[in-house]
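Novice: Each chain is listed here by its residues.
Number of protein chains: 2
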Amino acid sequence: MARAATTTDAFNAVAEPRRRDILDALAAGERPVNDLVRLLDLPQPQVSKHLRVLREVGVVDVRDAGRQRLYRLNGHALKPIHDWVRNYEQLWSERFEQLDVVLEDLKRKEQGDGGDE
Amino acid sequence: MARAATTTDAFNAVAEPRRRDILDALAAGERPVNDLVRLLDLPQPQVSKHLRVLREVGVVDVRDAGRQRLYRLNGHALKPIHDWVRNYEQLWSERFEQLDVVLEDLKRKEQGDGGDE
DNA sequence: TTGACATATTCCGATATGGGAATATAATCG
DNA sequence: CGATTATATTCCCATATCGGAATATGTCAA
Chain A
-3 MARAATTTDA FNAVAEPRRR DILDALAAGE RPVNDLVRLL DLPQPQVSKH
47 LRVLREVGVV DVRDAGRQRL YRLNGHALKP IHDWVRNYEQ LWSERFEQLD
97 VVLEDLKRKE QGDGGDE
Chain B
-3 MARAATTTDA FNAVAEPRRR DILDALAAGE RPVNDLVRLL DLPQPQVSKH
47 LRVLREVGVV DVRDAGRQRL YRLNGHALKP IHDWVRNYEQ LWSERFEQLD
97 VVLEDLKRKE QGDGGDE
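Those protein sequence lines, which keep their order, are chains A and B.
Heads up: the first sequence begins at -3 in the working numbering, then just goes up one per residue.
Heads up: the second sequence begins at -3 in the working numbering, then just goes up one per residue.
Source of the hints: derived by calculation from the structure; they are not laboratory data.
Don't take each hint at face value.
If several chains are the same, the list does not tell them apart, and a pair holds so long as it fits within one copy or across any two.
[Unchecked claim] Only pairs whose alpha carbons sit at most 20 Å apart, straight line, appear in this in silico EDC-like list of lysine to aspartate or glutamate:
#1 Lys105 with Asp57
#2 Lys75 with Asp17
#3 Lys103 with Glu52
#4 Lys105 with Asp37
#5 Lys103 with Glu26
#6 Lys103 with Asp79
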């Protein structure tokens, strides 16, 4: 097998920076494809292809509006990513770094206890 | 160009579920490779390969210990993912969903105001 | 209908992938 | 030293990718 398809997951879909850019642009609200083309300065077919991937993973929804297709963010599909990475948040939070300092202190004290050195 | 290398980003590195499993296992603390092999029930070469990717992206660190190599999580490298996805958190938070209800109410009222219907 | 606009799909090529299997490197033990 | 343990690397292959270019589909307007 090769690398998992981009349409497997939100994780895989969002690994592509252009697709994150698209989502960031859609955060402001529903937009037609050409809006995104202008905003991101990408060829239209590329944008359509990226949108297809995002749609297949459920992170965007589409709505027909005359000859336009309005894309809208569906944040729910990003929740698994958030839920996963959230477990590591403490590893860089300030409070945790403070805790680190305290633990270092304790360790040093403990060692001081053991010997007379 | 093809898809971005897995070693480009934390985003790309972490798109592979086995690599997330490895990180989850390392969350409990430093571990030698064979521990991971047993825990994840994967062939040892695979684990080593995944670890290489994770190392290149900086999400794990290694330390030599005799004939073992102890891998340790480096959460900081995951912060960009957290920072990005965090902006969307409100889209599925309960408070936001409550707000949605309120906004719907307002809209309905407004429409009721406009006409006599 | 014909034309203009908006979007989607298809074909192409270069590339990196993850898995399997085999093997290489490195460190320790007797 | 040779044997064993722990880990890393290499080779092979099937596959999906992104980008570019061209083209297809769909919708409105005159």
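Novice: Of all the hints numbered above, which does this structure not satisfy? Sort the numbers upward.
Specialist: Hints 1, 3, 4 and 6 are the ones this structure does not satisfy, whereas the remaining hints hold.
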